[in-house]
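Kindly generate the complete structure, drawing on both the sequences and the hints.
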Amino acid sequence: MIQMKKELPQVFDSFAEARKNGFLAVKKIKDSGKGVVGQFCTYTPLEIFMAADLVSVSLCSTSDETIPEAEKDLPSNLCPLIKSSYGFAVTDKCPYMYFADLVVGETTCDGKVKMYELLAKKKNLHILQLPRNQFTTEAKALWKSELIRLKERVEKDFGVTITDDNLVDAIKKRNVERRLLKELYELSTMCPPPITGLRQLQILFGSQFKFDWQEKTDEIRSAIKNIKEAYEAGERPVSEDAPRILITGCPMGGVTEKVVKVIEEAGAVVVAYENCTGAKQMDRQCREEGDPLTNIADHYLQIGCSIMTPNPNRFELLGRLCEQFHVNGVVEMTLQACHTYAVESYTVKTFLKEKNIPYLQLETDYSTADIGQLSTRAGAFVEML
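Residue numbers (our numbering): -7 to 377.
To be clear, the hints were calculated from the coordinates, so they are not data collected in a lab.
A few of these clues could be false.
To be verified - In silico BS3-like cross-links for lysine-lysine, where the CA-CA straight-line distance does not exceed 30 Å:
1) Lys220 to Lys202
2) Lys136 to Lys85
3) Lys26 to Lys64
Unchecked claim - The calculated label-pair distances, taken between Cβ atoms and stated as ranges, are:
4) Asp45 to Lys174: 23 to 29 Å
5) Glu130 to Thr155: 24 to 30 Å
6) Thr153 to Lys345: 51 to 57 Å
7) Glu224 to Ser367: 32 to 38 Å
8) Asp23 to Val152: 15 to 21 Å
9) Asp204 to Arg141: 26 to 32 Å
10) Ser68 to Asn125: 31 to 37 Å
11) Asp156 to Thr129: 34 to 40 Å
12) Val152 to Gln206: 16 to 22 Å
13) Asp149 to Glu375: 51 to 57 Å
14) Thr128 to Thr155: 27 to 33 Å
15) Glu375 to Thr286: 47 to 53 Å
16) Thr129 to Gly151: 32 to 38 Å
These numbers come from a predicted model, not from an experiment.
All C-beta atoms in this analysis are idealised placements derived from N, C-alpha and C, irrespective of residue type, glycine included.
Shown next as structure tokens:
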């Protein structure tokens, strides 16, 4: 059991270091004989792996370390997330990829789909065929059939049987996790917020690399408790006058923390993340009554990603978060060559203009070469606010 009186900086460090420490943890898991599944995307239904008593881990890499190696096979003008993920796979520099018994990909973008063809030559790979529409009967039927196919693949590869009771139990556990992480990031609705945006991101991102569910949820509860106690004791890590920023766009974490840093170094505070790393995956609960696989399919299909067309769920969440967190401005972080988010940025800008909310788009990659430019643009935006 995690101690509930852990000091606040130690709680932060625990989540910030979770990905690195997880390398050792996943090796211990493998040594114990437990199966490991690696996944790339928020659309991947983690409940299926949990129901099979497997450990799942995010494989989307956020470093440029292996991109030169990836570019021996992939074009240089491809999305850095795709190149980094592939690079860590072919170099065996990512223990999560190395120890994964099964890797689950999804058809969220054409670049990933073609990269998976190459990755399948090196890893045991399963691809989920994701529809690009969330509302038609045909799309819903296709997605549920894909989850049935994934369930059968997991049962076959790991020699297990996944029952409805297993799935219901997994849904309930994941709902607890989602509720706790939502409770944590909603602390930043306070003015001033009790933590910086960088600290919030480190907890949200780091929680993906804690593999013991009970330990993870205990530690999130501990973080919430300690943050509240510190705030009530008068600790104010953020100025009351700091402009309140929401970040939207591509997945955040790792090197993309540079975007958060330049915003907060300019005197603002990031209070919310609409991205996959944040509210996009934690905002809603999965239905617990009824057929569990149908509930899981319905829940994940409604994620508001830019690959969906139309994509009203993203804008419903974005508008609601802007009101809930009393934001003064929105920054969209777009990775180079991420075409769906780049194109949809026009619609985001128009949507926010109608609400009189200032908007800034920052395009970046996984290098640090553009920090000066990002700082200049973020500084000017914050000064305008």
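Against the structure, the hints:
1. Lys220 to Lys202: Between Lys220 and Lys202 the Cα gap is close to 23 Å, so the pair holds against 30 Å.
2. Lys136 to Lys85: 34 Å, violated
3. Lys26 to Lys64: 34 Å, violated
4. Asp45 to Lys174: 23 to 29 Å: This hint holds: roughly 26 Å between Cβ atoms.
5. Glu130 to Thr155: 24 to 30 Å: 28 Å, holds
6. Thr153 to Lys345: 51 to 57 Å: 53 Å, holds
7. Glu224 to Ser367: 32 to 38 Å: 34 Å, holds
8. Asp23 to Val152: 15 to 21 Å: Given range 15 to 21 Å: holds, Cβ gap about 19 Å.
9. Asp204 to Arg141: 26 to 32 Å: 29 Å, holds
10. Ser68 to Asn125: 31 to 37 Å: 32 Å, holds
11. Asp156 to Thr129: 34 to 40 Å: Given about 23 Å between the Cβ atoms, the range is violated.
12. Val152 to Gln206: 16 to 22 Å: Holds, at about 21 Å.
13. Asp149 to Glu375: 51 to 57 Å: Given a distance of about 54 Å, which is inside 51 to 57 Å, the answer is holds.
14. Thr128 to Thr155: 27 to 33 Å: 30 Å, holds
15. Glu375 to Thr286: 47 to 53 Å: 50 Å, holds
16. Thr129 to Gly151: 32 to 38 Å: 35 Å, holds
Violation of the numbered hints given earlier is confined to hints 2, 3, 11; the remaining hints are satisfied by the structure.
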